[in-house]
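Here is what each chain is made of, one letter per residue.
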Amino acid sequence: KAGVTQTPRYLIKTRGQQVTLSCSPISGHRSVSWYQQTPGQGLQFLFEYFSETQRNKGNFPGRFSGRQFSNSRSEMNVSTLELGDSALYLCASSEGLAGITDTQYFGPGTRLTVL
Amino acid sequence: GQQVMQIPQYQHVQEGEDFTTYCNSSTTLSNIQWYKQRPGGHPVFLIQLVKSGEVKKQKRLTFQFGEAKKNSSLHITATQTTDVGTYFCAGPKWGGSNYKLTFGKGTLLTVNP
Chain A
287 KAGVTQTPRY LIKTRGQQVT LSCSPISGHR SVSWYQQTPG QGLQFLFEYF
337 SETQRNKGNF PGRFSGRQFS NSRSEMNVST LELGDSALYL CASSEGLAGI
387 TDTQYFGPGT RLTVL
Chain B
32 GQQVMQIPQY QHVQEGEDFT TYCNSSTTLS NIQWYKQRPG GHPVFLIQLV
82 KSGEVKKQKR LTFQFGEAKK NSSLHITATQ TTDVGTYFCA GPKWGGSNYK
132 LTFGKGTLLT VNP
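For the record, the sequence lines run as chains A and B.
Using our numbering, the letters of the first sequence correspond one by one to residues 287 to 401.
Using our numbering, the letters of the second sequence correspond one by one to residues 32 to 144.
No farther apart than 20 angstroms at their CA atoms in a straight line, the calculated lysine to aspartate or glutamate pairs in the EDC-like style are these:
(1) B:K88 to B:E98
(2) B:K67 to A:D388
(3) B:K87 to A:D388
(4) B:K124 to A:D388
(5) B:K87 to B:E98
Hints are computed from structural coordinates only; laboratory data are not their basis.
Please work from the sequences and hints to get the whole structure.
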């Protein structure tokens, strides 16, 4: 099976802009979770989608949003970008809800730089 | 804040030395997972522990789950340069509406050849 794919791999934006990141899970996986990774904070959970429904949300402002489509592909949107949003954004897929019993498979990430 | 604590944050060893990273939770975990992230890479699943007191081995790696299911450890025997990377533990934590997989901040292992 193909692994988790994320596009784009690298992105440079300026403050105030918005950005949309895409994640295609492993075929058959219904859960997609998003994480923000920064050197100081490690892996911070953003949200998880399962069967097109947001099942859980982390402690991020409303500027961060997401959605999942019927084919399980997911998008994450960040509006009004701030310098502090510069990070590696990782998505991970699993067959069932993450954390219950299923392990997660991570994509390569999107490196976002906000200038 | 972080609900899964991991120590140490950094560990530098000489090749051939052993290495251990520890993970602690304030609450009981139904399972604990370990991931490895190579420099410039993404986290890769290593193992999942479910049972109290469980011990699992993968070649030179030994994983343990505490009796109370609140702590875990990863021990690497005779480290090699290929072991370099950040090791994360993760456990499901109640997020208000569902469980979410909560990661420790990781232990960065560097190995001097």
